[in-house]
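So the chains spell out like this:
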Amino acid sequence: MAIPHPRDIQVAVVDWLDERYPFKKAVDEALYQRVPNFANAFYYCFGGMVFILVVFQLLTGILLSLYYIPDASGSPAPAYTSVLFIQNDVYLGWLIRGVHFWGANILIVMVVIHMARVYWTGSYRAPRELNWMVGVIMLLCIIFLSLTGYLLPWDTKAYFATEVTIKIGGSAPLLGGVITQVLQGGPVVGPPTLQRFFTIHVFVLPALITLLMYVHFRFIRAHGISEPM
Amino acid sequence: MAEAPVAKRISRRTFLGWWIASLMTATVVTAVLPILVFLWPAPPKGQRKGPLTVTLDTPIDQLLDGDAVKFNAPTSPNSAFVMADGGGDNAAGDLAFGGFVVKNQGKVNVFAINCSHLGCSIALNKSAKSFDCPCHGSRFHLDGTVLHGPAAAPLSHLTWTQGSDASTIQVDGIVLGF
Numbered sequence: 001m002a003i004p005h006p007r008d009i010q011v012a013v014v015d016w017l018d019e020r021y022p023f024k025k026a027v028d029e030a031l032y033q034r035v036p037n038f039a040n041a042f043y044y045c046f047g048g049m050v051f052i053l054v055v056f057q058l059l060t061g062i063l064l065s066l067y068y069i070p071d072a073s074g075s076p077a078p079a080y081t082s083v084l085f086i087q088n089d090v091y092l093g094w095l096i097r098g099v100h101f102w103g104a105n106i107l108i109v110m111v112v113i114h115m116a117r118v119y120w121t122g123s124y125r126a127p128r129e130l131n132w133m134v135g136v137i138m139l140l141c142i143i144f145l146s147l148t149g150y151l152l153p154w155d156t157k158a159y160f161a162t163e164v165t166i167k168i169g170g171s172a173p174l175l176g177g178v179i180t181q182v183l184q185g186g187p188v189v190g191p192p193t194l195q196r197f198f199t200i201h202v203f204v205l206p207a208l209i210t211l212l213m214y215v216h217f218r219f220i221r222a223h224g225i226s227e228p229m
Numbered sequence: 001m002a003e004a005p006v007a008k009r010i011s012r013r014t015f016l017g018w019w020i021a022s023l024m025t026a027t028v029v030t031a032v033l034p035i036l037v038f039l040w041p042a043p044p045k046g047q048r049k050g051p052l053t054v055t056l057d058t059p060i061d062q063l064l065d066g067d068a069v070k071f072n073a074p075t076s077p078n079s080a081f082v083m084a085d086g087g088g089d090n091a092a093g094d095l096a097f098g099g100f101v102v103k104n105q106g107k108v109n110v111f112a113i114n115c116s117h118l119g120c121s122i123a124l125n126k127s128a129k130s131f132d133c134p135c136h137g138s139r140f141h142l143d144g145t146v147l148h149g150p151a152a153a154p155l156s157h158l159t160w161t162q163g164s165d166a167s168t169i170q171v172d173g174i175v176l177g178f
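These protein sequences, in sequence, are chains E and L.
Heads up, the first sequence is in the numbering used here, so the first residue is 1 and it goes up one at a time.
Heads up, the second sequence is in the numbering used here, so the first residue is 1 and it goes up one at a time.
Chain L with its partners taken away, still in its complex shape (with noise of 0.2 Å):
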């Protein structure tokens, strides 16, 4: 009696020519792996990430409705601000090295100063209660949406909790280390 004949799908031989392909593989990542862990950025000595107590020009409590405070990011240790939200140029995570904090109708809010559309530091512009950002005209309204393009996004907002006194504030953000 005849035997059924057996499919025959992989060869000893591509079988082995595999073995032997993925033995080189296997070889080239054990040699370049550790060159790519070594290329991996470590961070400065130094480098944390937590709130960043900043003093304010005004104290929130005298912050009239309608008008906002610059601040900046300390730059001794030198630090940066870490967004909550983002869109269009900004995004959660992103670093910003100065907000405002600004009072309207009653309500307090920390905003990044970056533009969303590219990033430029917005101003306030106290007569037409808006921010306005000095390089391709984008307006936002005192809450942070848009109120002229070509910023698509609203404002970036900052994660803060009051500090010690009205004058100062705990935003989220990150000491650098360099």
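In isolation and in its complexed conformation, chain E is listed as follows (with noise of 0.2 Å):
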């Protein structure tokens, strides 16, 4: 019998699933979108490289959440040696909370070009403002999510960088000192401040950049890549 090629089993599974529901049509539209030479830039991959990072970002997130406790009471509180566990004891442990902690370094790196990209070919103009506010917005979820980050593996260096940052939001006029509390949960920085970081920054914020990236691509979609200046 002769040996078939991977194709041919590839063409039989797709068609297999094609027949039972049209995803061949669906992923064509998807995929074979045709892109201009203009964009064919690499300073034009910058979005999809902050894309692939967001998305290891939400992977290996899951998977330290998997060992991190979120709870800061008590000295040696669970939070930070639960960062002990995950660095020193669980395999490869350092790795996925390395990825996740240079992913995020990157990111912001990444976001800040991507930005700059998108300033410099004037891709912010009509029809695209929306655009750029979406981005504007999930530029603020991504600081957001440094923030809240840093303050759980709940060392001495997570604590008073959290205690700079909850400052100078308290310096806000009129409304300084009800961030302050909002923030803290609190009248000090403590276990409540730990508890709504770690809400913050792995049920609301993201959910919230998952659904804005969403929103992104098809605006993009329905715009087309914009042409340079």
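There may be inaccurate statements among the hints.
[As the list claims (entries may be wrong)] Rough simulated footprint, nothing fancy, chain L against chain E, three-plus residues with beta-carbon under 8 Å:
{"id": "1", "segment": "118-131"}
{"id": "2", "segment": "166-179"}
[To be verified] Computed list of chain L residues with no C-beta within reach of chain E, every gap over 12 Å:
{"id": "3", "residue": "T14"}
{"id": "4", "residue": "S22"}
{"id": "5", "residue": "T25"}
{"id": "6", "residue": "T27"}
{"id": "7", "residue": "P41"}
{"id": "8", "residue": "P43"}
{"id": "9", "residue": "K45"}
{"id": "10", "residue": "D65"}
{"id": "11", "residue": "G66"}
{"id": "12", "residue": "N72"}
{"id": "13", "residue": "P77"}
{"id": "14", "residue": "D85"}
{"id": "15", "residue": "L118"}
{"id": "16", "residue": "Q162"}
{"id": "17", "residue": "V175"}
Rather than coming from a laboratory, the hints here were simulated on the basis of the structure.
The beta-carbon is built from N, C-alpha and C at its ideal position, and this holds for glycine as well.
Fit the two chains together into the complex; they arrive one by one in their own frames, and the hints show the way.
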């Protein structure tokens, strides 16, 4: 019996699926979009790199949440010891946490570069202003993800960095006191602060940024890639 | 002279197709394998297997024939016994959080507390000289064999040795580490 080419197997599987739901049509529409020549430059890839990095963050974040304990009570607090456990005892924990940590750092860099490219090519102009605004909201999401994620290891650096950022928020005119109270969840940075930051970092912002990325990409598809200046 | 036709069983194209397919598979495996490794539970700090020292309410030498004494796994640190054998719901290597030392016709046995039906804690029935399960009415002889169903398998043994005196025994177990 002749050995089949792997593509034959692939075609058989895809055909089986397509007979049951028109996957081919949906995938073709998503994949086979003509890209103009001017967009075949490397600096048009930065947004895609940001997307890949966000996916990496979501994936490694889910993995870290299997071992992380968002509890800042006691000394040493479970939050701190669970991070140590991930780093030192969990198999390849250092790797997954390392990817999450460095991914977060590189993500900030890539977001800034992506934004600079959009500014440089003037891609924010009409009719794409809304997509720029969505992008700015996602930038804020990323910044707040970094801020809230920084507290979670509950070590000295995390604690006092959060003290600083909350003090910055608290320096806002009129609302400063309210912002401090709401962010801290009490009069000092303590266990309630970690609980709040954890919820924002793990539930609120990832859901929001996933939704906004979808909107971002639908806008791109609707507008097409903008011509350079 | 014509050359004999060579049976072409795999073409260059098919070979390269499989080559690419295996490279792609290897790439996916390389990406997924570290995640699977990460998911495999790492033992908590302080987890170790070994004999646990148990103090009995009634020393073995004062235990009457046909009587049994119940004991629990140590809770500081949190520990469990490891069954030596088993049947039904129990199996060798399963954990038990209590047990019985029982003297029956001069012979001392140590059983895990779990009924072999669905794992409830059995209790000593002194008057009937049996172990009775409160959940579904299974009953066992004092030698661990089944007296009455629904349990079909005998009680699980715990591996044990006499401790420093008659009121302590060393039972195979595990310090859980949490």
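Taking the hints in turn, this is what the structure says about them:
no.	hint	result
1	118-131	violated (count 0)
2	166-179	violated (count 0)
3	T14	5 Å, violated
4	S22	9 Å, violated
5	T25	10 Å, violated
6	T27	15 Å, holds
7	P41	9 Å, violated
8	P43	8 Å, violated
9	K45	7 Å, violated
10	D65	49 Å, holds
11	G66	48 Å, holds
12	N72	27 Å, holds
13	P77	16 Å, holds
14	D85	31 Å, holds
15	L118	30 Å, holds
16	Q162	36 Å, holds
17	V175	16 Å, holds
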